[in-house]
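Participant: Chains A and B are the protein sequences, given in the same order. Under the working numbering, the first residue of the first sequence is numbered 1, with each subsequent residue one higher. Under the working numbering, the first residue of the second sequence is numbered 116, with each subsequent residue one higher.
Wrong hints could be hidden among the right ones.
What the hints assert, rightly or not - Below, in silico cross-link-like pairs of lysine to aspartate or glutamate (EDC-like), each with a Cα-Cα straight-line distance of 20 Å or less:
1. K137(B) / D200(B)
2. K49(A) / E215(B)
3. K167(B) / D145(B)
4. K107(A) / D157(B)
5. K130(B) / E197(B)
6. K128(B) / D177(B)
7. K167(B) / D186(B)
8. K130(B) / E166(B)
9. K167(B) / D200(B)
10. K107(A) / E88(A)
11. K42(A) / D177(B)
12. K137(B) / E190(B)
13. K128(B) / E197(B)
14. K58(A) / E166(B)
15. K42(A) / E215(B)
16. K49(A) / D200(B)
17. K137(B) / E166(B)
18. K130(B) / D200(B)
Please keep in mind that the hints were generated in silico from the structure rather than gathered at the bench.
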Amino acid sequence: AQSVTQLDSHVSVSEGTPVLLRCNYSSSYSPSLFWYVQHPNKGLQLLLKYTSAATLVKGINGFEAEFKKSETSFHLTKPSAHMSDAAEYFCVVSDPDSGYSTLTFGKGTMLLVSP
Amino acid sequence: AAGVIQSPRHLIKEKRETATLKCYPIPRHDTVYWYQQGPGQDPQFLISFYEKMQSDKGSIPDRFSAQQFSDYHSELNMSSLELGDSALYFCASSPPGTSEGDTQYFGPGTRLTVL
Chain A
1 AQSVTQLDSH VSVSEGTPVL LRCNYSSSYS PSLFWYVQHP NKGLQLLLKY
51 TSAATLVKGI NGFEAEFKKS ETSFHLTKPS AHMSDAAEYF CVVSDPDSGY
101 STLTFGKGTM LLVSP
Chain B
116 AAGVIQSPRH LIKEKRETAT LKCYPIPRHD TVYWYQQGPG QDPQFLISFY
166 EKMQSDKGSI PDRFSAQQFS DYHSELNMSS LELGDSALYF CASSPPGTSE
216 GDTQYFGPGT RLTVL
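Same shape as in the complex, but just chain A (with noise of 0.2 Å):
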């Protein structure tokens, strides 16, 4: 069974600080890995996708993650935060081995950027 494990509830920011959500992930095989933003009363964006091409994934608005295999980990980053990243991020997982991709999301974090 797959499962995700993101690590914090609520990461707050300063405007032009770097960022770092952090997500751990289980799975029965090679999983693809996503992370997708929600802006306040917004459906779910696509931010970026890993599977297996590369283990530094580039994402869309400057966003970056890297799949650590050994660490189980997929963290989330951006050099330098806009106010306009103020949204909740999910990792979320989809296993193949299910044989139609479910999407298995994380709780979730919500990111707080401050002028």
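Following the hints, position chain B against chain A.
Facilitator: This is chain B only, laid out in the frame that chain A set:
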């Protein structure tokens, strides 16, 4: 680019009433997924359809049913509504093929309020 369309965006119902939510996937996407996101919760997978057949089932109550039609749009039917059904309901779609088939693109959601 075309996105997933959901209607209605907002719906208010009384207890014990029925509701129908509609989802129109991105053109040429053949798989549709339904998720329920309660207040302050992560999205929970309900059910999915591939080529008009149910492909996977999650934590969908027996009071709910869904189907996918020949034009690939999907409808989620909810009967005997309860207060606890108040949530944001997301539809997602994914394209055919193994390289991208596990990437789900989400609609804006339907916010259902049961009074």
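Participant: All hints are to be evaluated individually against the structure, with a verdict given for each.
Facilitator: A quick look at each hint next to the structure:
Between K137(B) and D200(B) the CA atoms are separated by roughly 16 Å; this keeps the pair inside 20 Å, and the hint holds. The suggested pairing of K49(A) with E215(B) holds, with an alpha-carbon distance near 10 Å, which does not exceed 20 Å. Proposed proximity of K167(B) and D145(B) is supported: the alpha carbons are some 8 Å apart, at most 20 Å. The hinted pair formed by K107(A) and D157(B) meets the criterion: a straight-line CA distance of about 5 Å does not exceed 20 Å.
As the CA atoms of K130(B) and E197(B) are separated by approximately 5 Å, the hinted pair is consistent with the 20 Å bound. For the hint linking K128(B) to D177(B), the alpha-carbon distance of about 19 Å falls within 20 Å, and the restraint holds. Taking the CA atoms of K167(B) and D186(B), the gap is about 9 Å. The hint holds against a cut of 20 Å. For the given pair, K130(B) sits about 33 Å from E166(B) by alpha-carbon distance, which is inconsistent with the 20 Å threshold.
For the hint linking K167(B) to D200(B), the alpha-carbon distance of about 25 Å lies beyond 20 Å, and the restraint is violated. Only pairs whose Cα atoms come within 20 Å are accepted, and K107(A) paired with E88(A) is accepted, the gap being roughly 10 Å. A C-alpha spacing of about 28 Å is found between K42(A) and D177(B), which places the hinted pair above 20 Å, so the restraint is violated. Between the alpha carbons of K137(B) and E190(B) the distance comes to roughly 5 Å, so the proposed pair stays at or under 20 Å and holds.
Note on K128(B) and E197(B): the hinted pairing holds, with a Cα-Cα distance of about 10 Å set against a maximum of 20 Å. Taking the CA atoms of K58(A) and E166(B), the gap is near 32 Å; set against the 20 Å cutoff, the hint is violated. At most 20 Å may separate the alpha-carbon atoms for a hinted pair to count; K42(A) and E215(B) exceed this at roughly 24 Å. A distance of roughly 31 Å separates the Cα atoms of K49(A) and D200(B); the hinted pair therefore is violated under the 20 Å criterion.
Pair hint K137(B) plus E166(B) holds up; C-alpha atoms about 17 Å apart against a cutoff of 20 Å. Distance restraint check for K130(B) and D200(B): the Cα-Cα separation of roughly 9 Å lies within the 20 Å cut-off, and the hinted pair is therefore satisfied.
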